[in-house]
Amino acid sequence: RKEVEQDPGPFNVPEGATVAFNCTYSNSASQSFFWYRQDCRKEPKLLMSVYSSGNEDGRFTAQLNRASQYISLLIRDSKLSDSATYLCVVNGAAYKYIFGTGTRLKVLA
Amino acid sequence: EPEVTQTPSHQVTQMGQEVILRCVPISNHLYFYWYRQILGQKVEFLVSFYNNEISEKSEIFDDQFSVERPDGSNFTLKIRSTKLEDSAMYFCASSEQGRNQPQHFGDGTRLSIL
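Those protein sequences? They're chains A and B, same order as listed. If you read the first sequence in our numbering, its first letter stands for residue 1, the second for the next number, and so on. If you read the second sequence in our numbering, its first letter stands for residue 110, the second for the next number, and so on.
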């Protein structure tokens, strides 16, 4: 099983749609979870941290399910500017972050 | 908003040469990292650095690589005897603390080995 696994997509959705991504991780001892977004040939940018209780930031909602070892990201009311690759990040050890391969999202006008 | 800065943005080097990639982390951050991303592949951890020493490194980070904090602001990655397969985007990141803290990335150095 890969350390961090994501569906590579692409997910093509119309503007205004709701879209959800899942990510699974293999290390049950992981403590830190994040979603980053990466635009083509750019650096990863922090989208949000993911907490056990779930958290929301505007149109974005992240959930963590420790029992099943997966993380989700929900984007509501998709905008054209949301088109990017969404990276699931989990700590493999204290200071080492493991990135998934990313899920490509394309929001269509 | 404070940011991590990296130089150069693009480095072209002949195979076998040495390169030094430079980073200025966010000023109050204590933990520094290097990652690489080969074109079309995922971001891979190379090394973490705290209190002037390596705290963790991956299997990629072999004797060909070294890191240094030569002064109070810069953090460098040196790659000796470069190979074609070292061609990648190299990202520096920093975090305020180590555990459970998000890492903030610089905009990367594209390294092309010819």
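None of these hints come from the bench; they were simulated from the model. Please read these numbers as outputs of a predicted model, since none were measured by experiment. Each hint should be verified, as a subset may be incorrect.
Stated by the list, open to error - Which chain A residues face chain B? A few, computed with CB under 8 Å, are given here:
no. : residue
1   : N27
2   : Q31
3   : F34
4   : K42
5   : P44
6   : L46
7   : L64
8   : L87
9   : Y95
10  : G100
11  : G102
Using N, Cα and C, we set each Cβ at its ideal position, and we do this for glycine too.
Checked hints:
no.: 1; hint: N27; verdict: 14 Å, violated
no.: 2; hint: Q31; verdict: 6 Å, holds
no.: 3; hint: F34; verdict: 6 Å, holds
no.: 4; hint: K42; verdict: 7 Å, holds
no.: 5; hint: P44; verdict: 5 Å, holds
no.: 6; hint: L46; verdict: 5 Å, holds
no.: 7; hint: L64; verdict: 13 Å, violated
no.: 8; hint: L87; verdict: 7 Å, holds
no.: 9; hint: Y95; verdict: 4 Å, holds
no.: 10; hint: G100; verdict: 7 Å, holds
no.: 11; hint: G102; verdict: 7 Å, holds
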